[in-house]
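So the chains spell out like this:
Number of protein chains: 4
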Amino acid sequence: MKEQKLSAEKSIDIRFQDVDMMQVVWHGAYITYMEDAREAFGEQHGLSYKLFIAEKIMTPMVDMQVKYLRPLRYGMKPVIRISYRPSDAAKIIFDYEIFDPEKGCVYLRAQTTQVFMDFDYNLLWYSPEFYLNWKKEHGLE
Amino acid sequence: MKEQKLSAEKSIDIRFQDVDMMQVVWHGAYITYMEDAREAFGEQHGLSYKLFIAEKIMTPMVDMQVKYLRPLRYGMKPVIRISYRPSDAAKIIFDYEIFDPEKGCVYLRAQTTQVFMDFDYNLLWYSPEFYLNWKKEHGLE
Amino acid sequence: MKEQKLSAEKSIDIRFQDVDMMQVVWHGAYITYMEDAREAFGEQHGLSYKLFIAEKIMTPMVDMQVKYLRPLRYGMKPVIRISYRPSDAAKIIFDYEIFDPEKGCVYLRAQTTQVFMDFDYNLLWYSPEFYLNWKKEHGLE
Amino acid sequence: MKEQKLSAEKSIDIRFQDVDMMQVVWHGAYITYMEDAREAFGEQHGLSYKLFIAEKIMTPMVDMQVKYLRPLRYGMKPVIRISYRPSDAAKIIFDYEIFDPEKGCVYLRAQTTQVFMDFDYNLLWYSPEFYLNWKKEHGLE
Numbered sequence: 041m042k043e044q045k046l047s048a049e050k051s052i053d054i055r056f057q058d059v060d061m062m063q064v065v066w067h068g069a070y071i072t073y074m075e076d077a078r079e080a081f082g083e084q085h086g087l088s089y090k091l092f093i094a095e096k097i098m099t100p101m102v103d104m105q106v107k108y109l110r111p112l113r114y115g116m117k118p119v120i121r122i123s124y125r126p127s128d129a130a131k132i133i134f135d136y137e138i139f140d141p142e143k144g145c146v147y148l149r150a151q152t153t154q155v156f157m158d159f160d161y162n163l164l165w166y167s168p169e170f171y172l173n174w175k176k177e178h179g180l181e
Numbered sequence: 041m042k043e044q045k046l047s048a049e050k051s052i053d054i055r056f057q058d059v060d061m062m063q064v065v066w067h068g069a070y071i072t073y074m075e076d077a078r079e080a081f082g083e084q085h086g087l088s089y090k091l092f093i094a095e096k097i098m099t100p101m102v103d104m105q106v107k108y109l110r111p112l113r114y115g116m117k118p119v120i121r122i123s124y125r126p127s128d129a130a131k132i133i134f135d136y137e138i139f140d141p142e143k144g145c146v147y148l149r150a151q152t153t154q155v156f157m158d159f160d161y162n163l164l165w166y167s168p169e170f171y172l173n174w175k176k177e178h179g180l181e
Numbered sequence: 041m042k043e044q045k046l047s048a049e050k051s052i053d054i055r056f057q058d059v060d061m062m063q064v065v066w067h068g069a070y071i072t073y074m075e076d077a078r079e080a081f082g083e084q085h086g087l088s089y090k091l092f093i094a095e096k097i098m099t100p101m102v103d104m105q106v107k108y109l110r111p112l113r114y115g116m117k118p119v120i121r122i123s124y125r126p127s128d129a130a131k132i133i134f135d136y137e138i139f140d141p142e143k144g145c146v147y148l149r150a151q152t153t154q155v156f157m158d159f160d161y162n163l164l165w166y167s168p169e170f171y172l173n174w175k176k177e178h179g180l181e
Numbered sequence: 041m042k043e044q045k046l047s048a049e050k051s052i053d054i055r056f057q058d059v060d061m062m063q064v065v066w067h068g069a070y071i072t073y074m075e076d077a078r079e080a081f082g083e084q085h086g087l088s089y090k091l092f093i094a095e096k097i098m099t100p101m102v103d104m105q106v107k108y109l110r111p112l113r114y115g116m117k118p119v120i121r122i123s124y125r126p127s128d129a130a131k132i133i134f135d136y137e138i139f140d141p142e143k144g145c146v147y148l149r150a151q152t153t154q155v156f157m158d159f160d161y162n163l164l165w166y167s168p169e170f171y172l173n174w175k176k177e178h179g180l181e
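Chains as they are written, first to last, in the working numbering: chain A, 41 to 181; chain B, 41 to 181; chain C, 41 to 181; chain D, 41 to 181.
Just so you know, not all the hints are guaranteed correct.
Copies of the same chain look alike in the list, so a pair counts if it fits in one copy or across any two.
[What the hints assert, rightly or not] Computed list of lysine to aspartate or glutamate pairs in EDC-like fashion (alpha-carbon distance at most 20 Å, straight line):
no.: 1; residue 1: K107; residue 2: E177
no.: 2; residue 1: K117; residue 2: D128
no.: 3; residue 1: K107; residue 2: E83
no.: 4; residue 1: K96; residue 2: E169
no.: 5; residue 1: K50; residue 2: E79
no.: 6; residue 1: K45; residue 2: E79
no.: 7; residue 1: K117; residue 2: E75
no.: 8; residue 1: K90; residue 2: D53
no.: 9; residue 1: K117; residue 2: D140
no.: 10; residue 1: K176; residue 2: E83
No lab work stands behind these hints: they were computed from the structure.
Hey, can you work out the whole structure from these sequences and the hints?
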């Protein structure tokens with residue numbers, strides 16, 4: 041039996057500049073938290089941007105869905121968890137959850153989908169080989 | 041018969057800083073284009089942030105769905121169109137489209153949903169009166 | 041006698057996201073206003089980023105000095121003026137002023153210095169020819 | 041004899057979004073690195089934004105001077121050091137240096153000056169008492 045849920049967690053440092061005049065985190069700042077989560081996932085599981093660049097592959101975002109459940113405020117110490125969602129398509133799909141590890145409440149749920157493009161901006165119809173190998177190594181076929 | 045589609049258009053100035061190392065607009069920069077579109081809509085149709093603040097109402101984002109269809113690049117001159125989607129719920133729903141007015145191609149489609157909160161962070165179950173009046177004035181009931 | 045002060049003006053749209061929890065524009069947001077001013081100057085006077093890119097020249101920032109004189113707030117309608125400061129060195133120097141055209145008060149004064157680099161990241165010791173020509177055309181020698 | 045140099049260090053995670061189309065960190069992204077450094081200093085030495093807010097004091101930026109010495113690129117692992125510069129004036133002055141702890145080279149030097157304002161946006165002519173106490177506790181008079 042294979043483990044089907046690769047994930048990573050990262051604590052969020054809410055910046056002064058992330059908070060808007062309503063004293064809550066501006067909805068666009070979460071995009072950065074999600075990017076930080078992808079970087080943390082990549083470092084932890086060997087799937088970093090740097091690897092893609094070395095393989096001359098870009099992974100542009102094609103879909104992003106965000107549900108804001110509760111406002112974050114300055115001084116809070118939330119955690120973002122990013123989980124890899126296996127897919128047969130030539131796509132990278134991540135689920136995200138921002139939560140308070142002590143109170144247990146959830147602030148955000150989101151999902152992003154990225155595709156593969158070569159450096160001439162051609163969409164790849166099939167997943168690149170190094171990515172298929174990465175999946176194989178992690179039992180994600 | 042009532043006109044059910046209030047909308048506004050704004051040309052997008054792609055900034056140098058919006059473009060990432062892949063030479064395309066970073067996916068998070070579109071959040072700002074969409075915020076600019078909401079401001080343009082608000083100014084044109086009398087529903088600005090300033091009005092909400094004067095009424096001591098916040099309109100936090102609770103849902104955002106973005107489909108990135110084609111990459112934008114530095115030097116392009118796209119337009120964003122924002123359209124108000126009437127709803128009976130105590131919500132403000134906008135649809136967005138970024139397109140090239142000459143070539144006719146579409147770069148992004150998105151939808152956002154905002155709710156009403158008072159300055160004590162209580163969710164409003166009903167739309168505030170000034171908002172209902174605004175809808176009435178624009179034949180949006 | 042030659043005109044020695046090339047300049048451009050642009051009105052600033054203060055965004056909701058530019059304002060911090062203290063209800064004033066966050067100090068980092070002015071960097072974007074200054075970048076917008078450089079773009080406006082470039083478009084108006086034929087010295088755009090696109091031209092530099094076409095010439096395979098980068099113009100990285102090497103020095104930035106900013107004096108914040110008064111806070112900007114949401115709803116204000118300030119103007120930024122950018123002025124080219126002629127220099128014999130292989131540098132591009134701009135002065136900036138953000139002011140209220142009606143009240144006459146000044147919110148910010150700044151200066152930036154950029155240098156020339158080729159696409160291999162070598163600093164250019166002399167101004168590139170197209171830039172010298174541009175200066176000549178504008179009587180800025 | 042008193043120690044006159046309070047400082048803090050923080051490693052910088054260069055984000056994908058921080059890098060511009062020239063493959064180097066965009067000059068505005070350093071403003072965020074400097075804000076992160078101030079937060080780190082505040083947490084380490086008991087002078088956080090939260091403390092100021094609790095005392096109903098704002099500390100707006102009034103002066104910022106930045107020298108960019110070398111470009112940062114994606115994948116680098118620099119460190120930012122922030123040092124408190126004692127002053128008799130009612131000001132908070134910090135010096136910053138971004139450097140590579142292994143190679144020893146310096147990427148940026150900067151200085152910021154903040155003043156004190158109450159929540160009615162009145163400039164304070166004298167340092168607030170809690171700040172004077174903080175200085176005393178750290179031997180910074």
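At 20 Å max between alpha carbons, let me know whether K176 reaches E83 within a copy, between copies, both or neither.
Within one copy only: 18 Å inside, 43 Å across.
Could you figure out if K107 and E177 sit no more than 20 Å apart (CA to CA) within one copy, between two copies, both or neither?
neither (32 Å within a copy, 31 Å between copies)
If the cut is 20 Å between Cα atoms, do K50 and E79 qualify within a copy, between copies, both or neither?
both (10 Å within a copy, 18 Å between copies)
Can you give me the call for K45 and E79, within, between, both or neither, at a CA distance of at most 20 Å?
Answer is within; shortest intra-copy Cα gap is 17 Å, inter-copy 34 Å.
Given a CA cutoff of 20 Å, do K117 and E75 count as a within-copy pair, a between-copy pair, both, or neither?
The answer is both: 18 Å in one copy and 18 Å across copies each meet 20 Å.
Within a copy, between copies, both or neither: which one fits K117 and D140 at a CA-CA cutoff of 20 Å?
Within one copy only: 7 Å inside, 29 Å across.
Should K117 paired with D128 be assigned to within, between, both, or neither, using CA atoms and 20 Å as the limit?
neither (36 Å within a copy, 35 Å between copies)
Evaluate K107 and E83 at a C-alpha cut-off of 20 Å and name the case that applies: within, between, both or neither.
Neither way: K107 and E83 sit 26 Å apart in one copy and 27 Å across, limit 20 Å.
When Cα atoms must be at most 20 Å apart, do K96 and E169 count as within-copy, between-copy, both, or neither?
For K96 and E169, only the intra-copy Cα distance (12 Å) is at most 20 Å; the inter-copy one is 34 Å.
K90 and D53: within-copy, between-copy, both or neither at 20 Å Cα
between (24 Å within a copy, 14 Å between copies)
The structure fails hints 1, 2, 3 (numbered hints given earlier, in ascending order).
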